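Enquirer: Single-letter residue listing:
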Amino acid sequence: MSILMPLPDAETLAKRDRIVAAMRSIVPGEGVIDDADLMQPWESDGLTAYRQPPMLVVLPETVAQVSAVLRWCHAENVKVVPRGSGTSLSGGALPLADAVLLGMGKFKRIVDVDYEDRVAVVQPGVTNLAITQAVEARGFYYAPDPSSQIACSIGGNVAENSGGVHCLKYGLTTNNVLGVELVLMDGEVVRLGGRHMDASGLDLLGVIVGSEGLLGVVTEVTVRILPKPETARAVLVGFPDAESAGACVAQVIAEGIIPAGMEMMDRPAIHAAEAFVNVGYPLDVGALLIIEVDGPGAECDHLIGEIARIADENGAVTNRLSQDEAERVAFWAGRKAAFPAVGRISPDYYCMDGTIPRRRLPEVLRRMEGLSQKYGLGVANVFHAGDGNLHPLILYDANAPGELDRAEEFGNEILRLCVEVGGVLTGEHGVGIEKRDLMPEMFSEADLKQQQRVKCAFDPGLLLNPGKVFPTLHRCAELGRMHVHHGALPFPDLPRF
Amino acid sequence: MAILEPRDALDLCQIVADAGARGEKLELRGGGTRADIGALREATIVSLQAIAGVVDYDPAELVLTIRPGTPLADVQALVASEGQMLAFEPWGNTGATIGGTVAAGVAGSRRVTAGSARDHLLGLTVVSGRGELFVAGAKVVKNVTGYDLPKLMAGSWGRLGAMTELTLKVLPRPRVTVTLMAQGLSPRAAHAAMSCALGSNADVSAAAHLSRGITLLRVAGFAPSVTARCATLPVLLRDHCALQQLDEAEAAPLWAEAMTGAQLSGAIRWRIHLPPRHAPDLLEALAPWGIDWAMDWGGGQVWAALDDSTAIVREIASQFGGEAALVLANVDMRSAVPAFQLRAPGVSALEQRVRRAFDPIGVFATGRFSEDVHADSLSA
Chain A
148 MSILMPLPDA
158 ETLAKRDRIV
168 AAMRSIVPGE
178 GVIDDADLMQ
188 PWESDGLTAY
198 RQPPMLVVLP
208 ETVAQVSAVL
218 RWCHAENVKV
228 VPRGSGTSLS
238 GGALPLADAV
248 LLGMGKFKRI
258 VDVDYEDRVA
268 VVQPGVTNLA
278 ITQAVEARGF
288 YYAPDPSSQI
298 ACSIGGNVAE
308 NSGGVHCLKY
318 GLTTNNVLGV
328 ELVLMDGEVV
338 RLGGRHMDAS
348 GLDLLGVIVG
358 SEGLLGVVTE
368 VTVRILPKPE
378 TARAVLVGFP
388 DAESAGACVA
398 QVIAEGIIPA
408 GMEMMDRPAI
418 HAAEAFVNVG
428 YPLDVGALLI
438 IEVDGPGAEC
448 DHLIGEIARI
458 ADENGAVTNR
468 LSQDEAERVA
478 FWAGRKAAFP
488 AVGRISPDYY
498 CMDGTIPRRR
508 LPEVLRRMEG
518 LSQKYGLGVA
528 NVFHAGDGNL
538 HPLILYDANA
548 PGELDRAEEF
558 GNEILRLCVE
568 VGGVLTGEHG
578 VGIEKRDLMP
588 EMFSEADLKQ
598 QQRVKCAFDP
608 GLLLNPGKVF
618 PTLHRCAELG
628 RMHVHHGALP
638 FPDLPRF
Chain B
10 MAILEPRDAL
20 DLCQIVADAG
30 ARGEKLELRG
40 GGTRADIGAL
50 REATIVSLQA
60 IAGVVDYDPA
70 ELVLTIRPGT
80 PLADVQALVA
90 SEGQMLAFEP
100 WGNTGATIGG
110 TVAAGVAGSR
120 RVTAGSARDH
130 LLGLTVVSGR
140 GELFVAGAKV
150 VKNVTGYDLP
160 KLMAGSWGRL
170 GAMTELTLKV
180 LPRPRVTVTL
190 MAQGLSPRAA
200 HAAMSCALGS
210 NADVSAAAHL
220 SRGITLLRVA
230 GFAPSVTARC
240 ATLPVLLRDH
250 CALQQLDEAE
260 AAPLWAEAMT
270 GAQLSGAIRW
280 RIHLPPRHAP
290 DLLEALAPWG
300 IDWAMDWGGG
310 QVWAALDDST
320 AIVREIASQF
330 GGEAALVLAN
340 VDMRSAVPAF
350 QLRAPGVSAL
360 EQRVRRAFDP
370 IGVFATGRFS
380 EDVHADSLSA
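Read top to bottom, the protein sequences are chains A and B. Numbers 148 to 644, taken from our numbering, label the letters of the first sequence in order. Numbers 10 to 389, taken from our numbering, label the letters of the second sequence in order.
Don't read these hints as lab results, they were simulated from the structure. Being a predicted model, the structure only gives us computed values, none of them experimental. From the three backbone atoms N, C-alpha and C, an ideal C-beta is built for every residue, glycine too. One should not assume that every hint holds.
Each pair of labels, with its calculated beta carbon distance range [claimed, not checked]:
no. : chain 1 : residue 1 : chain 2 : residue 2 : range
1   : A       : ALA161    : B       : GLU324    : 52 to 62 Å
2   : A       : LEU620    : B       : GLY299    : 52 to 62 Å
3   : A       : GLU592    : B       : ARG221    : 53 to 63 Å
4   : B       : GLY299    : A       : ARG506    : 27 to 37 Å
5   : A       : GLN187    : B       : GLY330    : 44 to 54 Å
Going by beta-carbon spacing under 10 Å, a handful of chain B positions derived as facing chain A [to be verified]:
no. : residue
6   : LYS148
7   : ASP157
8   : ALA198
9   : LEU207
10  : SER209
11  : ASP212
12  : GLY230
13  : GLU332
14  : ALA334
15  : LEU337
16  : ALA338
17  : ALA366
Calculated cross-link-like contacts (lysine to any residue; reagent style SDA-like; alpha-carbon spacing at most 20 Å) [as the list claims (entries may be wrong)]:
no. : chain 1 : residue 1 : chain 2 : residue 2
18  : A       : LYS316    : B       : SER214
19  : A       : LYS316    : B       : ARG362
20  : A       : LYS316    : B       : LEU13
21  : A       : LYS375    : B       : GLN361
22  : A       : LYS375    : B       : ILE12
23  : A       : LYS596    : B       : PRO369
24  : A       : LYS316    : B       : GLN361
25  : A       : LYS375    : A       : GLN280
26  : A       : LYS596    : B       : GLN361
27  : A       : LYS596    : B       : ARG362
28  : A       : LYS375    : B       : LEU245
Only chain B is shown next, with the shape it has when bound in the complex (with noise of 0.2 Å):
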């Protein structure tokens, strides 16, 4: 498969636009990491790799900018050379770029309480399948001038434009990370321990499930009060289970597995996202399967791991108010199952004109998604 690599932007236009001359297909892609979500599609890749760098990065002003190729883990390295993080916890395997993570809409464990990449993308310039060049948003932590189309762009899978640069809200990385852990909860006691110390004024940043019974709960903060907190906690809790302190070296494998589900058995991986009130129920629903599984989120994320290939654990899912993704599979069930829940036909065909408003004539429809089906079939 050919790969395009545009230098900047202008490259980029011409590139769509041309695509968009030849009836041709593309493929935008940051480090290829999570390629393998979705059907198998035909098309001219387009890495963004080449257009990377920072732009401009004020600590004080809380803000960064910065083009899409940019690997993850410098981007990382940055903010914390300044004492700073990305909030929504990003994560990926070594080669993610942070266009892609955005595009990919990931969050790691601290998004029950911090929200998602959506949440913290400010501003941006993307080039749509119109081979247009635009801007929208701003380079501030406050803005509500205009549509908030980078909400759009985060989590849209390249399917809406591509973005040459972003602009994202960075945080002061917290002084002091504790992690208390208990032991043998059931999925039902840990959610309701979980829901007790998230709805709590000891400020837990994170809570997660782990299927052999750990339960992890992150308090962070400055010294003092990292501190206190983790002296109300263990009495605030005192019905649901114990309480230890791990240290972040002990607590770091840990919250991985939770909050990636990589280190789960099975062929097929599920991504579920529901009210977290559910995740007990839906764990007791699944267990039949031989499901392996770990809860983020305070149980809002369940990741679910089996070698079942139907797509029962989306029916499953669907009962309980979730949506299960499909991140992990043959090329098989890739081709027959769509990667995402599809939506209500109401929502899924304004989802349509809304890529049609970026992408009138499909330039990013690789069918690499069921949508991009759905989207070639509809007529003008």
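One chain only, chain A, in its complex shape (with noise of 0.2 Å):
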């Protein structure tokens, strides 16, 4: 519990009474939820190891409702937590004491497909899978999946830029979002992309998408949806250890081969994910491989000869492809429930997300396996191989003294030796509080002021999502101060728009 938020603003919370009922008088009825009972489910989000209650909740139901709030907290220096689902490992929608947290829960509805177009417009709060769901019918599909898809949402996905296992071949949220509806701190509605590709002016939708919150509040998405690939077969591939693997993956994309999913697992993952699915994972190998090809079934069968050739080149010691649809699923089974597989063999576990070169893995689960003694707490890795998407998985129990604060600090370092080789504190799971302190290692001070200036242009009062992301709070005029060349402002009588 080493990560420290900023102090409650003592005027703002003696003014609760009053935000209360202007809230009400925005959003009637259940939607202002003031009582400290019923705020409870609030008081966390997917980083359970961090838990606060909110001033209070605000669930709105149309945009205007948004602006409404968000004006109102804007004029009166309210903060405002925005929140999805609230599945975020990171952190993101923590709440603060101080601040209102901002659920959107109810934008529920699929506005619009047009399948002519491949395009589908949706409210935030629609979850990544119901996406899937309503396109399906069709021969259509949303192509991120993170492993929360059946709870987390579309809103959330754009504030994280969630990826899944499908990202290497199919992008991560930002590659497949067209368009955003944005409600800015001020009140002010924005419309950024839309229903075509490559809108006019700067990219703010690229920006907006993996802003983790600290930009505005997303009130619509125009997502685009993908036919749905005609096969798609897996292979299960056992090697002696992480390296031969690992040789076997860069092999495969060397070949020219991008997988749609090519998924790693240590030992104790493997174990793990075995005893909690019993779905028939090798258990006698150092690594797993899940490889997944997909597209048209002359493709899918080419590919999967390939890999198998690939596999046994580097010392594959079992190879298993999927005999039928039923058997595909539960490779994956075991893969997609991994997290709380591990939940099963350790009272908790701490979720890490780095991202490094995959030449450079071997190296790095040699040196977490020498950290692993360090901190006297077990490890087990999930890989994103393809795209070198790292997450250890850290065992510990929160009821034995200072075991939280021994997990956080192997996981630091996990990430920093992350960055040292080159790779960066997180692939998919956002910065939140988590990493929040980490970014010097990965950012410079002018990298972070360049961030917060961007941050200003959006919302200079620093209301929205305070305390995440950025390890210091600079104020905004602080951030825009210019050099002083021999003494004097350049130009003192330009006009500094």
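Since each chain sits alone in its own frame, please combine them into the complex, following the hints.
Expert: This is the structure:
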């Protein structure tokens, strides 16, 4: 519990009753919750180690209400934390004691689907999976598929730029979103992008996706939908160690194959998953790859053959091809249940999310093993092998004194290691509060200030989701200052737009 | 006009800082192949051509880090030598640089399925309008750490900062590429055929239609897959058209026509982005002005050439939910008609604030784009 949130503002807390009344005048009925017991479900998100009751919860139903809530909070200098389904693994939706928690769960409508142009227009509270379910009868789907897709909302996906196991081939959220309607902190409603590609002007849409709720509140999303591939087949390949599995992954890509998914699990993860779902994972291997190809049947047949050859050449010890759709789904069941599976073998686990250049994998796994011994905590690894996104699961017991702190420090060392080898702090879960204080490992002061200046362009009062992403809160006026050359501001009479 | 040619990022920092201190405007330039887009302007040209060369290329990681002045043709040859490609199919005239291509957000026919420059720009080093060097994004294919500033830089036309290093995602080049062609279709029939193909699971990677009634579908991948899909598509599209197979040499010039619009006859040329379903309506509405045209991206991009030098194309495009960019015109028209469609006032104001975040005193606001004028008129 080493991450500190900004101290609550006494002035805001003192006027809570007035804030509640104002919110009730905007969102009638049960859309404003201020009872401590009733607010309990909102205390935390997917990063459950951190809890904080919100000042109050507001659940708007219309864009006009969202706009009015933000406008009022802006005028009254009240902070706002937006929230989708609350599945963030990085604490992106963690409430603040002095902030309105703005839940977008009532925006559940699929506004329009245009099969001819292959786009769907949906409200932000629609779950990721519900988009696919809405269009699958016509042979389409929405490609990004984070493991939480049954629960996570598309609005949250936009905020976090969510990925999933298929993003090597199909991209992250940002590659599959064409437009958003966005409410800025001052209540202004803007549309960025739309139903066509490459809108003119700066790509503001591109910076909104993945902005972790710090720049605006999304009230509508236009996504691309894709024709569902004719077939998908998966192969389960066991290797004696991670080195040979990693070499296999590299050769698959070097031979020009971009699989729909390519996942690696290490021995502890394989054992945990097999014990949980019993899908027949080999237990005597050091690393397991699930490689899925999709597309026309002829393509899948061809690629499966190529992959089997490459696996052999890299010393595969087991090789099983899915014989039917049920078996393919079963192969994935273990991987997709890896987190809860690990949850069964350990009282608690802490999920990390760094990305590394794939060629550094053996070294990273070796050093992680050393760290595991240093901290006296086990670790299981699942890995989006195709794109180098590593999810070490650190096993700990929150009830054992000091273990959570040790797990966090272990996790921090893993992420520092990812950056050291040329990778990043987070591949898909977001910075949130979890990796906030590690940002200087990856970015210099100048880099971070430039990002914060973008924040200032959207929200100069720093009222939207404060305390997330950036380790230091700079006031916008301070960030706007220019260098003074030779003791004088350059061209003092120049209009500074 | 003076041309400065910095050797490296530090040089560039000094140039930008000095220009800021003197109240001078700077125009960032790659190969200058698209310099005739936008209004005439007076600015010191900063050529980035000397900041060139490969920084790091590891084909197996699918990542290429390169400096902006590297000629686009060299980059394409380099990745091709490893059996790879730039996924967004950038194109440009002789002399175009990779930096300029990304800054202009150029994407070819594959854009409809593979995305644009913005989708494949993973990380970069930039000199901002403050004369400061910063890094954004990263050198791995999957990253969500911090704001996605590379998206902002792609297609920003040098208005935020000067890229000094770019990391791009690369992909394996398809082993086989085949073009299926239909002839004699009207724009409406062609659009219907392209929608059917792009919406099918036959994995068509590009679809275009030329004004002389030629419709093109691209099928690329491993040989057995391409063969199977080339057998499937004629059956799928049997109610739309008959398809014949072209080899790459026959097809390449046709794709180039659709992708660049460069062959169209007309002194004025527009590039229109719109919801594909409205492309046939747009062409019908523009017919009285005697346009020549080509349709790419399954209808999502339309090139329109004509001699009329008013903004009528832009007006009509916006009626169909589209946006028209003026890419070829004489000097008078370029001064009178902004290159890009103006955004809604709220978006425009937001854009100006974002620009100020990178370039607080407007070093890069040369007057080339109408937004620049806008920017300079805003007071602190």
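Enquirer: Hint by hint, which ones does the structure fall short of?
Expert: Hints 4, 8, 15, 16, 19, 20, 21, 22, 24 are the ones this structure does not satisfy, whereas the remaining hints hold.
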